[in-house]
Amino acid sequence: MTVQRSGDTSAALSVNYATSDGTAVAGTDYAKASGMLTWAAGDGAAKSFAVSLISESGFSGFKSFAVTLSNPSTGALGTPSSATVSIAGAGATQPMGQAAAARLLMQGTMGASLNDLNTAAGESFDAWFAAQAAAPVSLQLPQIPAWNASETPSWWYNAVNGGDQLRQRMAFALSEIFVTSSVNNFLYTQGQGLAYYYDQIAANALGNFRTLLTAVSTSPEMGEYLTFYKNDVPNPTSGVQPDENYAREVMQLFTVGLWQLNADGTQKLDANGNPIPTYSQAEVTSLAHVFTGWGSALGSQSASQAWQNDQPDYLHPMACYAAHHDTAAKTIIGGVVIPAGGTCVSDMQVALDTLFNHPNTGPFIVRQLIQRLVTSNPSPAYVARVSAVFANDGTGVRGNLLAVAKAILTDPEATTLGTAPGAGKLREPALRLTALWRAFSASQSNGLVNDQITGNAASDFGEDVLQSPTVFNFFTPTYERAGPLAAANLMTPEFQITNEYTIVLTANDLQYAAYKFQSAAGVAEIGVDSVGGQGQPGPGDMVLHTAAWEALASNPANLVAQLALVFMPGQMSSDMTNTLVNYVSSIPATSPANRVIEAASLIVTSPQYSVQR
Amino acid sequence: MRKDLSRRDFLQMSAGALATSSVFTLAGTRESRSATGPSGYRALVCLMLNGGNDGHNLIVPLTGSAYSTYAAGRGDLALSSSSVLPLNGTAGNGVTYGIHPSCPELRALFNSGKAAVVANVGPLVQPTTLAQAKAGSIPLPPQLFSHYNQSTEWQTAYPQSLQQYGWGGRVADLFVSKGMAANLSFNIAVGGASTWQQGQLTNPYTLGTSGAPSLNAAGNSFYRNGLRQQATQALLTQAASDPNLLVSTASSIFQNAASKVTLVNNALSAVGDLTTVFPAAQSNDWGLSQQLHEVARVIKAQSQIGDTRQLFFVQIGGFDTHSGQLATQSTLLGYVSQYVNAFWNAMGEIGMQNNVTLFTMSDFGRTLTSNGNGADHGWGNHHLVLGGAVVGGYYGTMPDLTLGGANDMGQGRLLPTTSADQYAATLAAWFGVGSADLGTVFPNLANFPVTNLGFLG
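These protein sequences, in sequence, are chains A and B.
Going from the first sequence to my numbering is simple: count from 1 and add 66.
Going from the second sequence to my numbering is simple: count from 1 and add 2.
Be a bit skeptical, because a hint or two may be false.
If the Cβ cut is set under 10 Å, some of the chain A residues that face chain B in the computed set are [said to hold, decoys possible]:
(1) LEU319
(2) LEU335
(3) ASP379
(4) GLY484
(5) LEU556
In short, the hints are calculated from the structure, not lab data.
C-beta: ideal position from N, C-alpha, C; glycine also.
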């Protein structure tokens, strides 16, 4: 590190320097350093000191620490007076390797395939994220033939087959924040509309959060779901007031949340130690007036006709109807005044800009994204690091979701195996199924993905895409399960849908899914060879393909190790490994496909695999 | 009957802030029970109306000026007085009320004295005047008018705690702390997870609507001469002692499922189904009929299961009627009325009507004012309690429905006049929580002059 002296150099000068931990820790990643630099009177030369790094293996991405100057004997510190030192690990500039790739695919995709794993292992993080961002967006709407068809088969299809895996994973996470649902009196027949809605999320999932906010807020599905479609001006005669539903939830759930937050996601507290509300009922009521005047896309109708439509055109953004927009001035959150005379569009723009730029929005949203992708209980420092990227992606842009995804997934808390008792998160059941299908390139002979299991997901798993029972998603970010988890103050959102009923049915479904497979020899079956299969899979059955795995099966230890890498990298205990190797060894080597399937099905139904850490 | 009525009237007055020391005497006498409480079987069934049922259109004033006030406040949401089904008797304010037109079964139950209306209930920390509520000069439940928070506050009956432990869960915690044990579970969820049943120490047991499922691989020695079953068991056992708490907890849920599945399914099959017919499922009824049917089956199997205290949770959603309220609420309340009536008949079939009390909860009441064709989030709300032990009639204080009137926080969001904690404590006291423990389960109860609303005999 070099320190430059400038200005008047006539006096003698000293200044202190010291390192401080960031994601890099003194003693583990670098040698703690501190000291004093001195200049004699008249000495204007640059001075240097060294900080030595500690050699280590097994970390990927970047870790960083800070070096800070302090206490100048004369004059003042210039700019910069501190610097951040980044240490490049695996994947930072060089190929990330198998272990880091397996973690990245576990957290940032719908599941790892052998091909994906090999490709990613040979790439740096930068290259992988660039390729994912560039991959064409997999859309649902083009797959849906009829207006009332369900959107769920197209979701499963894209989850399993989409080349834009990071986008699909981010979109799924975002769909659990920006909730709309077919559990609704109007939307339950609107498969195309829900597909259109999900496509908006997917298209913006690696784009900008502000753009996504407008797409959601003008989508006819959200207009219908949170009931501001045809929200009208106040009527003093009838006493009718604008609907407050969207005004409340766009703040409570989609941007700022209920409580004022620090940048690290922890709650701000008042003098009495109580959390501080972010807004009041008055601001909800006022914001409700902002979201007036939105009706169906016009199509070929006149405005006066189109406003009358009971339901919107579900495949185009809502349109602004000036006569039904309240043009009075509104005072919204933070005392921001929207002046009188605006339109639905201009008022919404000010409101969404205000919410987007609110200091809560970064930590509120990124904490939930971390919970969906990586861990249920991120450290405040982790949230703060990602929040900083949400605030500024390094080029001055706020809300860059690709940068946020990269910050989440390449943070040391994501790239390092969690070993604390509360580390990690429960995997969502739907993602356990997509991971199984992706690991074995599963497909249906009819070209769709509508296996019977996907139809049972809502009841058996307790979740299915765009079928949340309420706008509060299948589970809440702050749920704590009683017992050891709550005693350890652990938030465990996915445990809210995990009970004696769903845990058993999910395991049974995953086992059954694994037992529909086709070997390299071309034999497709349901069930187990030596005890009698249950017949041939039909065209609507997702069939696993074991061919790429069978070469490993001659050596049970190698097979189990590779399955562990793909499904639960670094997590499989020696006990579990031994149990699996012994079991696989009991199956004749002449049945390699059965060895593969038996081991895989035991893994995906196990409690160990149900947790990602 | 006369005696019941006079006591009810007395307690109504006391709920209207005319408490006297004799109220305490009466309540204290009734509640002097141990934690195990009365002998014999007792069950509470919580029927959650998710989204915020508009109670001001469930129970509607019918007498002259009271109806006019109602109609003026509700605008296009007002039900016509001729369509509302009149209920026997009058509330404490002398007004005759009726029930929503789609609830003839509930009307009959009320008129037979088996159902109570508890008026204008909602989360409160302490008795609160309108001026205090508007000024925020005393502690109020946080985040009023938010679904998630007010629904949670109803279920915790401890609104200012911001905790997510429900009072059903705390009752189970209390029983466990006193050394009681359940063969199956004190809390049984049939309709899915709820805050109400979430304890600090205990979790509910979750059933499907057709018994309990069993783990194929673990229960089946068919596969590979039992080796697969052994491997599955080995992984579960290893997971139970895994250093990661999430893994060990997942294992414990598997193990609990395995240890209970035989008990439940054997008990259900031993006693057989009920002859009472529960209505067929409808596309938007959340399976409530099947949920109540399953609860009835478990209660029928009570002697087999052997537990004397059970708390059940069932739910139906769709009540967040910001739009299309008149049609939607009519459909949903129709389901509730028919299905609850079937449940009541099922309890009659097995002789359990006096042992089982069903009560409603919901996120909040709604604004009296309309937003065009629906209503927004409110606060105070009317609720129903049903059972053989219920002393039928009206409880609490009927609110003034005048916009800008004595109860109006604005837009007809009504300040509750009875707290959800008082409502819950009355239910818990009947269930068997002794007077010495009520304050532990309901920390705010001591703030209120009346700790038992008297609707359970």
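Do the hints match the structure? See the list:
About 9 Å separates the beta-carbon of LEU319 (chain A) from the nearest beta-carbon of chain B, less than 10 Å, and the hint is met. Of the supplied interface hints, the one on LEU335 (chain A) is violated, with its beta-carbon coming no nearer than about 12 Å to a beta-carbon of chain B, more than 10 Å. Annotation: interface hint on ASP379 (chain A) violated; nearest CB of chain B at approximately 17 Å, more than 10 Å. Taken as an interface hint, GLY484 (chain A) checks out: its beta carbon lies about 8 Å from the nearest beta carbon of chain B, inside 10 Å.
For the restraint placing LEU556 (chain A) at the interface with chain B, the shortest Cβ-Cβ distance is roughly 7 Å, inside the 10 Å limit, so the hint holds.
Consistency note: the structure conflicts with the earlier hints numbered 2 and 3.
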